[in-house]
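Asks: Listed below are the residues making up each chain.
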Amino acid sequence: MLRQAAGHMRGLLARRASVAVTSTAVRMASQGHEVSETVDMSRPMYYDRADVPLPDKPYKDLLTDADKSLKQKEKGPWTQLSKEEKIALYRLMFCQTYPEMKQKTSEWKTVLGGIFIFLGFTGLVVWWQRIYVYPPLPKTFEGDSQAMQLKRMLDMRVNPVQGFAAKWDYEKGQWK
Amino acid sequence: MSLAKPLMRGLLAKRLRFHLPIAFGLAFAAAVAFKYTVTEPRKRAYADFYKQYDAVKEFNAMREAGVFQSVRPSGE
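These protein sequences, in sequence, are chains A and B.
The working numbering numbers the first residue of the first sequence as 1 and each following residue consecutively.
The working numbering numbers the first residue of the second sequence as 177 and each following residue consecutively.
Calculated from the structure, these hints are not laboratory results.
Each residue gets a CB set at the ideal place from its N, CA and C atoms; glycine is no exception.
Each hint should be verified, as a subset may be incorrect.
As the list claims (entries may be wrong) - What the simulated footprint calls covered on chain B by chain A, stretch by stretch (three residues with Cβ under 8 Å from a Cβ of chain A suffice, anywhere in the stretch; the number is not a length):
{"id": "1", "stretch": "195-208"}
{"id": "2", "stretch": "236-246"}
Claimed, not checked - Derived lysine-lysine pairs resembling PhoX-like cross-links, with alpha carbons at most 25 Å apart:
{"id": "3", "chain 1": "A", "residue 1": "K176", "chain 2": "B", "residue 2": "K219"}
{"id": "4", "chain 1": "A", "residue 1": "K172", "chain 2": "B", "residue 2": "K227"}
{"id": "5", "chain 1": "A", "residue 1": "K167", "chain 2": "B", "residue 2": "K227"}
{"id": "6", "chain 1": "A", "residue 1": "K167", "chain 2": "B", "residue 2": "K219"}
{"id": "7", "chain 1": "A", "residue 1": "K83", "chain 2": "B", "residue 2": "K219"}
{"id": "8", "chain 1": "A", "residue 1": "K167", "chain 2": "B", "residue 2": "K233"}
{"id": "9", "chain 1": "A", "residue 1": "K57", "chain 2": "A", "residue 2": "K71"}
{"id": "10", "chain 1": "A", "residue 1": "K83", "chain 2": "A", "residue 2": "K57"}
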């Protein structure tokens with residue numbers, strides 16, 4: 001019971017839930033036209049995930065007669081199964097193999113492109129703000145005021161051991 | 177088509193046995209490098225600075241420059 005609940009949670013969190021279409025029927029709306037398939041997420045679902053190896057249910061639910069006879073043969077010794085039969089049994093249980101699941105996508109290009117687009121747009125917004133929103137700079141940012149501030153810092157001997165004033169030669173009145 | 181049974185246990189222990197000595201070694205090396213590139217030069221710099229430091233002379237220089245509020249330059 002608890003395992004079922006845990007399975008439901010995993011099913012809900014499954015990002016790449018490969019919907020097992022075999023067991024749900026197409027619902028007809030009252031007007032008579034078809035609506036899209038709805039998946040009952042309260043029941044065990046199939047999903048292909050690299051970190052959860054065994055899904056809650058097999059991939060194929062409705063087996064043809066050939067599949068059913070294969071499943072019967074599976075109950076006996078497996079050494080009697082041929083290679084094709086083993087692969088067929090695998091494909092009954094699972095939709096994709098691990099290498100198929102782990103195929104590289106080109107998603108990173110989209111992500112990187114989106115990042116750059118939004119960074120560029122932000123740059124344009126900041127530029128507009130610089131022109132139309134920011135107030136004028138204080139007078140203390142001008143060259144003369146900066147020079148006076150620098151002189152005062154040197155007079156105060158700011159960081160005289162290894163830092164700012166240490167780099168000023170007080171005898172000669174210039175940078176070392 | 178019978179494969180060998182894969183390792184089922186002790187995977188974390190195996191990883192730690194390999195990586196922990198490396199981690200400790202690198203951390204120790206980083207500490208030693210920091211000591212001899214940063215702290216020793218800094219200690220020497222401070223020692224050298226204060227060997228030739230005349231506090232009164234520095235005070236008078238700063239006073240003449242007018243940075244103090246408690247004492248004004250001697251001219252005023």
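Asks: Now tell me, hint by hint, if it's right for this structure.
Replies: Do the hints match the structure? See the list:
1. Coverage of the stretch 195-208 of chain B by chain A is violated [criterion: at least 3 residues with CB-CB distance below 8 Å; count 0].
2. Evaluation of the coverage hint for the stretch 236-246 of chain B: fulfilled, as 5 residues show C-beta separations to chain A shorter than 8 Å, against a requirement of three.
3. Only pairs whose Cα atoms come within 25 Å are accepted, and A:K176 paired with B:K219 is accepted, the gap being roughly 21 Å.
4. Annotation: proposed proximity of A:K172 to B:K227 holds, straight-line Cα distance about 21 Å (limit 25 Å).
5. The hinted pair formed by A:K167 and B:K227 meets the criterion: a straight-line CA distance of about 18 Å does not exceed 25 Å.
6. Restraint check: the Cα-Cα separation between A:K167 and B:K219 comes to about 18 Å, which is no more than 25 Å; the hinted pair holds.
7. Taking the CA atoms of A:K83 and B:K219, the gap is near 74 Å; set against the 25 Å cutoff, the hint is violated.
8. Between A:K167 and B:K233, the direct Cα distance comes to roughly 19 Å. Compliance with the 25 Å bound is thereby established for this hinted pair.
9. Restraint check for A:K57 and A:K71: satisfied, since their Cα atoms lie roughly 15 Å apart, inside the 25 Å limit.
10. At most 25 Å may separate the alpha-carbon atoms for a hinted pair to count; A:K83 and A:K57 meet this at roughly 23 Å.
Checked against the numbered hints given earlier, this structure breaks hints 1 and 7; the rest are met.
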